[in-house]
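Build out the structure end to end from the sequences listed, making use of the hints.
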Amino acid sequence: MSASPPGGVAARFVGQRVPRKEDRRLLVGRGLYVDDVVLAGMLEAAFVRSPHARARIKSLDLEAARALPGVRAVYTAADFAHFGLDLFNSFAGRGSGPTVRTLADGHVRYVGDPVAIVVADNRYIAEDGAGLVMVDYEAEDPVVTIAQARDGAPVHDGYTDNVGVAAATPDDPEIAAIFASAKHVVTGTIRHQRQAHVSMETRGIVVAPHGEGELTLHLSCQSPHMAARYVSLLFDLPETSVKVLSKDVGGAFGLKIQPWREEVAAIAASLKLRRPVKWIEDRLENLTSASQAREQEITIKLALDAEGLLLAADLDYACNVGCYPHSNDCNTFAMMLFTGAYRVPKLAYRAVSYYSNTVGQAAYRGPWAMESLARETMMDVAARQIGIDPLVLRERNLMTAADQPYAMPSGMVVHGVTPCETLELALAKVDVPAFRAEQARGRAEGRYLGLGVAVYVEPTTMAMGGPFSTDSAHVRLDPSGKVSVVVSTHSQGHGTQTTMAQIAADQLGVDVADVTVLEDDSSRGGFGPGAGGSRQAVSGGGAVSHASRILADKVKAIAAHMHNANPADIRIEGGQISVAGVAEVSTTVQAIAEAAYFTLDRLPPGMEPGMEAQYRYRPPPIVFSNAAHACVCEVSAETGVVKILRWIASEDCGVMINPAIVEGQIAGGVVQGIGGVLLEEIAYDAYGNPTAVTFKDYMIPTIHDVPEIEYCHIITPSDSEGGFKGVGEGGAIIAPPTMVNAIADALAPFGARCLDLPLTPTKILELIEAGEKG
Amino acid sequence: MKAAPFDYVVPDTIEEAVQHLADAAGDVSILAGGQTLMPLLALRMATPSLIVDINRIAALSGVSRAEGAVRIGATTRQAQILADPTVAAHAPGLTKATALVGHHQTRNRGTIGGSISLAEPAAEYPATALTLGAVIEARSARGVRRIAADDFFLGPYTTALEPEELVTAVHFPEWPAGTRLIVEEVARRPGDFALVGFVCALVVEGGRISRAGVGWFGMGPTPMRSRKAEQALTGQSATGLDLAGIAALAVSETDPMEDGHASAAYRRKVAGRIFQRTVGQALAEQRAA
Chain A
1 MSASPPGGVA ARFVGQRVPR KEDRRLLVGR GLYVDDVVLA GMLEAAFVRS PHARARIKSL
61 DLEAARALPG VRAVYTAADF AHFGLDLFNS FAGRGSGPTV RTLADGHVRY VGDPVAIVVA
121 DNRYIAEDGA GLVMVDYEAE DPVVTIAQAR DGAPVHDGYT DNVGVAAATP DDPEIAAIFA
181 SAKHVVTGTI RHQRQAHVSM ETRGIVVAPH GEGELTLHLS CQSPHMAARY VSLLFDLPET
241 SVKVLSKDVG GAFGLKIQPW REEVAAIAAS LKLRRPVKWI EDRLENLTSA SQAREQEITI
301 KLALDAEGLL LAADLDYACN VGCYPHSNDC NTFAMMLFTG AYRVPKLAYR AVSYYSNTVG
361 QAAYRGPWAM ESLARETMMD VAARQIGIDP LVLRERNLMT AADQPYAMPS GMVVHGVTPC
421 ETLELALAKV DVPAFRAEQA RGRAEGRYLG LGVAVYVEPT TMAMGGPFST DSAHVRLDPS
481 GKVSVVVSTH SQGHGTQTTM AQIAADQLGV DVADVTVLED DSSRGGFGPG AGGSRQAVSG
541 GGAVSHASRI LADKVKAIAA HMHNANPADI RIEGGQISVA GVAEVSTTVQ AIAEAAYFTL
601 DRLPPGMEPG MEAQYRYRPP PIVFSNAAHA CVCEVSAETG VVKILRWIAS EDCGVMINPA
661 IVEGQIAGGV VQGIGGVLLE EIAYDAYGNP TAVTFKDYMI PTIHDVPEIE YCHIITPSDS
721 EGGFKGVGEG GAIIAPPTMV NAIADALAPF GARCLDLPLT PTKILELIEA GEKG
Chain B
1 MKAAPFDYVV PDTIEEAVQH LADAAGDVSI LAGGQTLMPL LALRMATPSL IVDINRIAAL
61 SGVSRAEGAV RIGATTRQAQ ILADPTVAAH APGLTKATAL VGHHQTRNRG TIGGSISLAE
121 PAAEYPATAL TLGAVIEARS ARGVRRIAAD DFFLGPYTTA LEPEELVTAV HFPEWPAGTR
181 LIVEEVARRP GDFALVGFVC ALVVEGGRIS RAGVGWFGMG PTPMRSRKAE QALTGQSATG
241 LDLAGIAALA VSETDPMEDG HASAAYRRKV AGRIFQRTVG QALAEQRAA
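Here the protein sequences line up with chains A and B, keeping their order. If you read the first sequence in the numbering used here, its first letter stands for residue 1, the second for the next number, and so on. If you read the second sequence in the numbering used here, its first letter stands for residue 1, the second for the next number, and so on.
In short, the hints are calculated from the structure, not lab data. Note that the Cβ used here is the ideal one computed from N, Cα and C, for glycine as well. Hints may be right or wrong, so weigh each one.
Claimed, not checked - When the alpha-carbon atoms are kept at most 16 Å apart in a straight line, the in silico EDC-like pairs for lysine to aspartate or glutamate are as follows: (1) 2(B) <-> 121(A); (2) 696(A) <-> 120(B); (3) 763(A) <-> 258(B); (4) 429(A) <-> 708(A); (5) 763(A) <-> 259(B); (6) 2(B) <-> 282(A); (7) 346(A) <-> 174(A); (8) 696(A) <-> 259(B); (9) 696(A) <-> 192(B); (10) 2(B) <-> 521(A); (11) 301(A) <-> 316(A); (12) 228(B) <-> 253(B).
Said to hold, decoys possible - Taking beta-carbon pairs under 10 Å as the criterion, some of the chain A residues facing chain B (in silico): (13) 122; (14) 123; (15) 127; (16) 131; (17) 285; (18) 582; (19) 667; (20) 681; (21) 699; (22) 700; (23) 701; (24) 705; (25) 761; (26) 762; (27) 769.
As the list claims (entries may be wrong) - Beta-carbon label-pair distances, calculated as ranges: (28) 44(B) <-> 26(A): 27 to 35 Å; (29) 191(B) <-> 441(A): 47 to 55 Å; (30) 191(B) <-> 708(A): 13 to 21 Å; (31) 645(A) <-> 257(B): 28 to 36 Å; (32) 40(B) <-> 66(A): 27 to 35 Å; (33) 259(B) <-> 447(A): 26 to 34 Å; (34) 66(A) <-> 257(B): 38 to 46 Å.
As structure tokens, then:
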């Protein structure tokens with residue numbers, strides 16, 4: 001089905017696979033990333049980083065580094081003290097969590113902790129200088145794991161333990177009674193390893209100080225506006241003094257949601273030196289010092305009745321948030337969303353986050369994804385334990401259209417989702433009976449095929465309050481008839497320069513080629529939070545749609561006035577304007593636009609001249625999208641190596657602005673999820689040293705490891721403007737349980753429960769052997 | 001990730017190159033395809049004072065046959081080796097191994113001399129050279145030296161090369177036509193270093209195995225050769241072999257490590273399975289042929 005935006009304008013571009021406007025410049029190497037920015041007099045920075053997970057800095061000797069020709073400055077925490085730079089979360093604001101200094105002050109608390117910044121004529125000399133900084137450390141025993149954090153010495157000063165945040169539901173005797181009397185109680189513990197965001201473009205900044213405390217920052221970020229606001233608050237500068245430019249960004253996934261220690265140190269160094277400073281994170285720094293994600297464990301207890309209907313869930317959750325997490329919370333959202341697309345009357349949870357001497361954590365595509373991994377893998381465990389087909393168990397418990405709006409036990413209300421329908425579509429595509437027959441034949445020959453399925457609902461948009469609440473669009477029709485849309489979205493690969501143009505083109509009745517989307521400059525347009533929470537299609541799209549419609553109405557009003565017609569009879573299509581029933585009247589959007597600027601006496605009396613409109617859109621607080629994924633894999637019992645044979649993504653993200661971009665978002669997330677299950681792991685040894693510091697050891701999926709994804713779309717428009725829903729994170733959320741369930745199904749003859757990630761060949765063979773020994 | 005300062009020379013001849021090596025007295029790295037050296041320089045794990053770039057020395061590249069062996073010049077690219085008809089006809093084991101080396105893109109740069117000189121224990125070329133009885137030709141200002149692969153690999157990234165020596169070629173002896181050749185590896189992703197790698201050559205004459213080469217990569221601090229297994233295979237009838245027993249023997253001659261990618265127990269177990277399956281298949285094909 002194709003959607004018709006309100007306002008009587010035909011949808012010609014929304015819903016189409018419009019080629020991305022960004023692609024040509026990116027594919028021919030004409031993108032503008034931070035490292036492409038070179039300014040006159042620019043210096044480059046490198047960091048001296050701690051080789052210890054936990055140590056006291058006894059002394060620092062900077063003389064040799066400072067004396068090296070080409071080194072312009074070596075700064076430590078003491079040099080930045082007057083800035084008062086204690087970092088904070090850009091959503092929560094100051095005052096939550098431990099003190100986060102820009103550079104280590106007296107103590108280092110993880111391997112990679114920045115101790116000094118060396119600024120030199122170029123990066124080579126900066127690294128030479130960093131190598132000359134002598135630091136005398138007194139090493140202390142680090143707290144590395146969740147288990148160590150539970151009873152280890154506090155990582156942070158002023159703390160009596162390592163608990164970041166603890167959250168729990170109140171004791172509910174009813175839940176205890178349900179578990180006591182339930183026909184089936186299923187339990188399991190699932191561990192998710194730590195991962196890195198590994199955006200293709202690492203973090204980076206070019207700082208250009210000028211004027212009276214003015215700053216231009218070229219920054220790899222998720223929102224120029226958010227970054228500008230953060231820096232202005234941190235450095236106590238007027239928001240108008242900080243301009244953030246960020247044209248092309250090669251991925252972020254949550255890592256770049258706010259500037260962190262290194263970017264801030266580069267800004268401070270630049271302000272002190274009064275010269276432009278560039279810092280480009282290298283891959284070694286990226287894998288060892290950039291914020292990381294996941295490292296969670298959860299014990300799940302499900303109560304089910306004799307028919308397999310879910311009665312209650314009980315969760316014990318812990319996460320290792322490292323030393324300086326962006327956000328001081330314990331992933332309460334993962335707890336609240338645990339019940340997903342199922343009807344579950346009761347939920348209890350206890351969640352704790354722990355600090356440790358490891359790199360701090362940041363949001364990573366679907367930060368709450370552990371709910372889906374925990375729920376969907378346990379649904380399969382429960383099905384096997386009870387003796388029901390996992391697909392049947394899901395069908396019995398999924399919320400139907402009739403159940404909606406459905407209030408989750410956490411209080412979140414889900415509506416407009418189609419879990420049953422997407423699952424049905426995915427299973428039809430798989431052809432389950434044919435697969436089961438093939439699986440049986442395979443097993444007889446020692447070939448282990450598996451089918452994994454997972455279903456979820458994804459909260460998108462996240463406009464529940466705070467910076468994510470709104471987006472703004474300024475739409476301008478120039479005298480030339482071309483359209484500029486300044487919008488507070490920001491792309492790190494999302495394609496918003498195309499999708500936002502599609503929306504504007506439809507509302508204005510012009511060609512998408514005539515619309516230019518500008519979103520790379522915080523000094524242009526209004527504040528907006530950019531990418532995060534799968535929000536841009538809904539919130540940014542709503543703003544663009546509404547602002548463009550205001551402008552279209554003005555075009556119609558002027559055209560009607562000029563041609564003595566009723567505005568309701570004006571039609572705009574392909575830049576041409578016609579009047580219903582009056583064939584001889586024909587003009588163009590361009591002519592009307594020109595008149596609005598140049599021939600003001602042709603405008604309706606009293607009308608404001610020009611062709612500019614703006615609108616700030618407040619989307620619904622949460623817009624749920626949903627999907628069911630299925631994976632068919634083969635596990636080699638000889639080697640434990642997993643081969644993915646098929647992947648089906650069946651989803652409902654409402655009205656798709658651009659199905660190719662929707663599918664790209666899903667594919668990217670699925671690949672990250674596959675990496676999380678099979679390959680990726682940021683591991684630390686007993687001393688807190690990271691053991692995967694290059695791509696040789698931190699393995700991400702390659703083209704050889706991922707299948708061609710088969711897509712099915714169901715379109716249930718949301719009640720947001722345009723009927724859009726978010727889709728950015730879902731692939732990453734649902735791929736892990738889909739993959740795990742497929743492997744577990746393949747290994748079912750061995751009775752394997754695959755509950756610890758990553759599922760390396762070693763672990764898979766151990767599971768098979770444990771099963772063989774019975 | 002920027003290299004520390006170094007001097008850089010690009011000689012046109014082998015003589016010039018080895019003179020640079022002699023003059024540098026060990027504080028030198030040789031740049032061939034750069035697939036390992038460049039990241040090591042960038043990470044400052046290698047900080048030589050001098051880099052001798054041998055890519056412009058025409059005499060170092062190319063494939064020829066001489067003295068019953070296929071001679072591969074040190075800077076011959078892996079992609080060239082993979083496509084070379086002489087290699088395919090007379091050293092097909094090398095062709096098989098090359099197909100598993102890295103990726104298309106890295107094979108366009110990577111060289112055999114670089115891989116052999118590096119002596120990565122989990123790489124395909126060192127184990128293939130060892131198993132097939134290759135000879136490494138090295139030059140220094142003092143002259144040419146030929147080192148049997150058996151004597152060449154001393155430890156992880158450690159070889160019998162002297163600091164002033166340059167690998168100029170690798171000679172792969174021609175095994176008889178019809179030799180059954182196995183190069184098999186298990187990697188977490190295609191193109192990665194092997195978790196377990198196996199090289200095997202079997203000559204079957206009149207239903208009996210007359211000669212056997214058995215070697216491993218990723219199974220110890222160096223490429224490993226299983227001499228007892230070779231002896232156990234040699235002279236045996238190609239049918240009715242105790243493959244499980246010989247596989248166990250072969251694996252007993254390895255010394256795998258535990259690392260972030262696999263346990264030592266995994267490597268032993270999978271090695272035995274691969275041996276048994278692939279040798280069994282090779283001998284069955286032999287019978288069919």
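Original post:
What hint numbers does the structure not satisfy?
Top reply: Violated: hints 10, 18, 19 and 29.
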